[in-house]
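Here the protein sequences come in this chain order: A and V.
Residue numbers for the first sequence follow this note's numbering, beginning at 1 and rising by one.
Residue numbers for the second sequence follow this note's numbering, beginning at 1 and rising by one.
There's no promise every hint is true.
[Claimed, not checked] Restricting the straight-line Cα-Cα distance to at most 25 Å, the calculated cross-link-like pairs of lysine-lysine (BS3-like) are: (1) K281/V to K52/A; (2) K32/V to K195/V; (3) K493/V to K32/V; (4) K44/A to K428/V; (5) K350/V to K52/A; (6) K500/V to K350/V; (7) K44/A to K281/V; (8) K350/V to K493/V; (9) K493/V to K428/V; (10) K281/V to K428/V; (11) K500/V to K281/V; (12) K32/V to K500/V; (13) K281/V to K350/V; (14) K350/V to K44/A; (15) K428/V to K350/V.
Derived from the structure by calculation, the hints contain no laboratory data.
Owing to the predicted nature of the structure, the values given are computational and were not obtained by experimental measurement.
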Amino acid sequence: MNWLLEPSVSTFGPDIDRLYYIILVITGIIFFLTQFLLIYFLVKYRRREGRKAEYIHGSTRAEILWTAVPFVIVLVLALMSRPVWDEVKDPGLFPEDAYEVTVVARQFEWETHYAGSNGEFDAEDSFTVLNRLHVPVNQPVIIHLESEDVIHSFFVPRFRLKQDALPGRSIPMWFEVTETGEYELGCAELCGIGHYRMDGLVIVHTQEEFENWKAERLAAAGGGSVGSDRAQALTGEDSQ
Amino acid sequence: MSSVGTQTVEQQHTSHEEDTGLWSWITTVDHKRIAIMYFVTATFFFFVAGAKALAIRVQLMFPEQELITPEVYNQFFTMHGTTMIFLVAMPMAVAFFNYVVPLQIGARDVAFPRLNALSYWVFLFGGLYLNSSFIVGAAPHASWVGYATLTMPEFSPGQNTNFWLIGLSILGIASIAGGVNFITTIINMRAPGMKLMRMPLFTWMTFVTSFLLITAIPVIGVALIYLGFDRLFGTVFFQPAGGGDPVLWQHLFWIFGHPEVYILILPAFGVISDVIPTFSKKPLFGYPIVVYAGLLIGFIGWGVWSHHMFTVGLGPIADSFFVAATMIIAIPTGVKIFNWIATMWGGSLKFTTAMLFSVGLVAVFTVGGLSGIMHASAPVNLQQHDTYFVVAHFHYVIVGGAMMGLWAGLYYWFPKVRGRYLSETLGKWHFWTTMIGFNLTFFPMHFAGIFGMPRRIYTYSAELNVDIYNQLATIGAFIFALSAVIMAWNLVKSWRGGEKAPANPWGAPHLEWSIPSPPHHYNFPAIPTVQSREPLWNDGEREAILAVTMEEPETEPVMPNPSYWPILLAASITLIWALVMTGIWWVIALAILPVIYCVFKWGMEPAFPEGH
Numbered sequence: 001m002n003w004l005l006e007p008s009v010s011t012f013g014p015d016i017d018r019l020y021y022i023i024l025v026i027t028g029i030i031f032f033l034t035q036f037l038l039i040y041f042l043v044k045y046r047r048r049e050g051r052k053a054e055y056i057h058g059s060t061r062a063e064i065l066w067t068a069v070p071f072v073i074v075l076v077l078a079l080m081s082r083p084v085w086d087e088v089k090d091p092g093l094f095p096e097d098a099y100e101v102t103v104v105a106r107q108f109e110w111e112t113h114y115a116g117s118n119g120e121f122d123a124e125d126s127f128t129v130l131n132r133l134h135v136p137v138n139q140p141v142i143i144h145l146e147s148e149d150v151i152h153s154f155f156v157p158r159f160r161l162k163q164d165a166l167p168g169r170s171i172p173m174w175f176e177v178t179e180t181g182e183y184e185l186g187c188a189e190l191c192g193i194g195h196y197r198m199d200g201l202v203i204v205h206t207q208e209e210f211e212n213w214k215a216e217r218l219a220a221a222g223g224g225s226v227g228s229d230r231a232q233a234l235t236g237e238d239s240q
Numbered sequence: 001m002s003s004v005g006t007q008t009v010e011q012q013h014t015s016h017e018e019d020t021g022l023w024s025w026i027t028t029v030d031h032k033r034i035a036i037m038y039f040v041t042a043t044f045f046f047f048v049a050g051a052k053a054l055a056i057r058v059q060l061m062f063p064e065q066e067l068i069t070p071e072v073y074n075q076f077f078t079m080h081g082t083t084m085i086f087l088v089a090m091p092m093a094v095a096f097f098n099y100v101v102p103l104q105i106g107a108r109d110v111a112f113p114r115l116n117a118l119s120y121w122v123f124l125f126g127g128l129y130l131n132s133s134f135i136v137g138a139a140p141h142a143s144w145v146g147y148a149t150l151t152m153p154e155f156s157p158g159q160n161t162n163f164w165l166i167g168l169s170i171l172g173i174a175s176i177a178g179g180v181n182f183i184t185t186i187i188n189m190r191a192p193g194m195k196l197m198r199m200p201l202f203t204w205m206t207f208v209t210s211f212l213l214i215t216a217i218p219v220i221g222v223a224l225i226y227l228g229f230d231r232l233f234g235t236v237f238f239q240p241a242g243g244g245d246p247v248l249w250q251h252l253f254w255i256f257g258h259p260e261v262y263i264l265i266l267p268a269f270g271v272i273s274d275v276i277p278t279f280s281k282k283p284l285f286g287y288p289i290v291v292y293a294g295l296l297i298g299f300i301g302w303g304v305w306s307h308h309m310f311t312v313g314l315g316p317i318a319d320s321f322f323v324a325a326t327m328i329i330a331i332p333t334g335v336k337i338f339n340w341i342a343t344m345w346g347g348s349l350k351f352t353t354a355m356l357f358s359v360g361l362v363a364v365f366t367v368g369g370l371s372g373i374m375h376a377s378a379p380v381n382l383q384q385h386d387t388y389f390v391v392a393h394f395h396y397v398i399v400g401g402a403m404m405g406l407w408a409g410l411y412y413w414f415p416k417v418r419g420r421y422l423s424e425t426l427g428k429w430h431f432w433t434t435m436i437g438f439n440l441t442f443f444p445m446h447f448a449g450i451f452g453m454p455r456r457i458y459t460y461s462a463e464l465n466v467d468i469y470n471q472l473a474t475i476g477a478f479i480f481a482l483s484a485v486i487m488a489w490n491l492v493k494s495w496r497g498g499e500k501a502p503a504n505p506w507g508a509p510h511l512e513w514s515i516p517s518p519p520h521h522y523n524f525p526a527i528p529t530v531q532s533r534e535p536l537w538n539d540g541e542r543e544a545i546l547a548v549t550m551e552e553p554e555t556e557p558v559m560p561n562p563s564y565w566p567i568l569l570a571a572s573i574t575l576i577w578a579l580v581m582t583g584i585w586w587v588i589a590l591a592i593l594p595v596i597y598c599v600f601k602w603g604m605e606p607a608f609p610e611g612h
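Take the sequences, apply the hints, and build the full model.
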């Protein structure tokens with residue numbers, strides 16, 4: 001059994017985890033104090049012969065204390081949340097040198113679209129991969145998230161990242177992974193009967209590996225197959 | 001026209017109290033009988049929805065299981081949630097509003113007795129209609145939040161989602177009528193001297209909840225009507241292809257949905273704010289603060305809905321506002337918890353089952369409140385949203401809060417209803433199996449969630465490493481189910497053979513304990529005058545009240561006529577909504593005729609016996 005979060009592997013992951021642990025500790029202290037006081041009172045003031053209840057009906061000082069202290073705590077937590085949230089979700093603060101990929105969600109798969117060698121997504125040699133998202137390590141990546149049918153949610157627990165995919169919109173999100181490896185990608189929003197099996201993998205390569213992989217795919221896409229056949233021809237290896 | 005309506009005064013007076021036949025229940029407008037019907041029906045649905053939860057837990061006990069099909073699984077969790085909220089937690093609270101509020105404020109009935117009966121019948125028929133979807137194999141399957149565009153005809157063909165949207169529309173009528181009834185009752189029908197700031201906390205929280213009902217339910221009503229038009233008549237409110245927006249649904253749903261959380265929890269807060277002082281032999285600590293905290297929760301509850309939508313992408317400014325509002329609503333909730341604990345400070349605590357459930361609420365609800373602070377922080381929410389962490393959180397709030405409070409109320413007020421105690425021995429078994437089963441079910445889910453197990457998944461891979469949490473949860477669910485069986489057994493057993501209870505078995509301070517158990521159908525022979533917040537705890541005031549309330553009246557107070565128009569109107573309302581499924585406008589238009597007929601007959605029927 002595990003009690004702590006699995007280590008995060010994105011650049012903003014540690015910031016989110018720090019916030020989580022700070023809140024966990026604060027709420028944990030409040031929890032134990034409250035339960036301790038409750039149990040102490042339950043034992044101390046249980047009904048016994050010869051002892052009458054004291055007449056206490058309120059205390060302004062106590063009310064002010066237990067309103068003000070929580071107020072300060074939640075205010076601090078809200079203020080601490082703000083910069084982390086901006087770091088993850090504010091499009092104005094997204095890194096400028098990011099590698100861009102389009103991910104299209106549909107019942108019940110993820111299709112990743114890579115730009116051709118000229119940087120355009122509709123180029124002759126642009127290509128798609130099914131249920132696999134290949135990205136380079138230590139390089140910011142911007143994903144343009146789209147949905148063809150219902151709402152899905154792009155969820156990579158190890159990145160601490162979740163973003164809903166909405167039909168009719170293209171929503172940008174970003175991440176930068178700090179460790180190579182394969183990470184589970186799941187759908188977090190109920191999207192129909194196959195919701196549970198709408199999963200994939202994010203495969204994080206070294207820069208060099210990624211360039212090789214991409215070059216191979218661009219060459220395969222550019223030579224020969226065109227149009228819709230292209231996607232099918234290329235998904236063979238990567239499909240589950 | 002109606003034989004019931006023209007009964008003579010004498011028949012009324014002689015027959016009413018003994019009359020216990022089926023027809024007397026069908027035509028009753030007595031708030032106490034309606035309360036019992038609400039409670040029994042809600043408990044029935046509690047078992048229906050609980051059985052689905054067990055099926056879900058068995059399916060999830062081990063990875064990669066396929067015991068039921070994914071379609072049935074989706075139907076089960078959708079109907080588990082929908083039923084527990086709309087057919088269990090809400091109506092069970094309404095059962096207590098009905099029984100207790102008129103007695104606590106010194107009234108003979110609610111303001112609109114026939115409307116009250118209509119609320120019950122609409123609730124019953126709406127609930128049966130919703131569940132009839134299982135008989136035709138088309139139960140709702142798009143979750144209790146029914147997000148567009150999954151609910152659009154393209155992705156949810158068939159009648160499944162129609163059952164859901166029509167069922168909820170019908171139930172909304174019952175809720176709005178109930179809200180209007182209790183607001184009017186509490187404003188107008190309090191005994192002389194019962195100022196607002198002398199009302200028992202349960203009545204106060206009923207008052208706040210009723211305002212939330214009449215303001216929040218119409219919002220989902222609008223959303224459901226849009227949804228119905230999109231599905232049946234080709235509009236595009238939620239269809240991006242036609243210029244609509246699926247996010248609009250989420251806003252409308254959660255503008256209803258978050259106040260709804262407080263609709264569920266505030267009645268329970270009200271119950272334990274009455275129970276804890278009684279068994280501590282002390283007045284509620286900080287009465288005005290607890291009242292204001294309840295009001296504040298009711299107001300701020302309207303400004304936090306988008307914390308359900310942090311992953312949608314509303315923009316950092318909007319998100320930050322909802323982070324702050326959500327953090328702030330934790331304060332009045334915390335203040336209430338501190339005041340309950342302070343009520344016990346220096347008290348003389350008696351651990352009856354009612355008190356145990358109240359203390360249990362304080363202990364367990366705190367977990368739900370604190371995990372709520374965690375995902376109030378948007379960055380932390382990012383990991384927890386739509387995972388089992390959230391499932392754990394809201395079960396701690398709704399079961400650990402709302403349901404525990406209502407069970408406290410059950411043990412507290414049952415002697416008033418029946419004149420007999422519920423068995424305390426079985427009650428303690430009920431309490432401890434609930435505490436163990438409930439915590440074992442839901443605490444491990446926090447871990448499954450933060451390790452990335454999404455909600456509403458039919459099965460999961462062994463690689464996710466969440467097996468152990470799911471197994472604990474499944475074992476816990478069966479212990480929790482056992483607790484429900486113990487409760488039902490206790491109800492059945494004690495209804496007939498429970499130990500006899502006097503008028504005020506707990507030495508409680510409020511007016512409902514000043515009349516015999518069970519009460520006369522007219523409640524109070526004459527209306528007492530109240531001079532304080534705890535009238536039965538003050539020497540002098542108590543004697544003055546009991547002199548009025550325990551007397552046999554020379555002439556019985558005149559009570560409203562029974563009527564069968566509420567059940568008929570409820571049936572015709574359900575019929576017209578059910579016919580919406582056909583999508584044929586003239587069929588629906590024709591079905592308005594029985595509704596109009598019933599409303600007309602209702603209007604012409606005398607509410608009271610002739611001469612009054």
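Hint-by-hint comparison with the structure:
Distance check on the hinted pair: K281/V and K52/A sit about 9 Å apart at the alpha-carbon level, within 25 Å; holds. Simply put, K32/V and K195/V have alpha-carbon atoms about 24 Å apart, close enough for the 25 Å limit, and the pair holds. A distance of roughly 20 Å separates the Cα atoms of K493/V and K32/V; the hinted pair therefore holds under the 25 Å criterion. Our distance criterion of 25 Å between C-alpha atoms is met by K44/A and K428/V, whose separation comes to about 21 Å.
Between K350/V and K52/A the alpha-carbon distance is near 12 Å, which keeps this suggested pair within the 25 Å criterion. A C-alpha spacing of about 19 Å is found between K500/V and K350/V, which places the hinted pair at or below 25 Å, so the restraint holds. Distance hint between K44/A and K281/V is fulfilled; the C-alpha atoms sit about 15 Å from each other, no more than 25 Å. Proximity of K350/V to K493/V is assessed by CA-CA distance (about 24 Å); at most 25 Å being required, the pair is judged to hold.
Distance hint between K493/V and K428/V is fulfilled; the C-alpha atoms sit about 15 Å from each other, no more than 25 Å. Between K281/V and K428/V the CA atoms are separated by roughly 21 Å; this keeps the pair inside 25 Å, and the hint holds. As the CA atoms of K500/V and K281/V are separated by approximately 23 Å, the hinted pair is consistent with the 25 Å bound. Distance restraint check for K32/V and K500/V: the Cα-Cα separation of roughly 19 Å lies within the 25 Å cut-off, and the hinted pair is therefore satisfied.
For the given pair, K281/V sits about 9 Å from K350/V by alpha-carbon distance, which is consistent with the 25 Å threshold. At roughly 12 Å between alpha-carbon atoms, K350/V and K44/A fall within 25 Å of each other, so this suggested pair holds. Proximity of K428/V to K350/V is assessed by CA-CA distance (about 13 Å); at most 25 Å being required, the pair is judged to hold.
No hint from the list above goes unmet by this structure.
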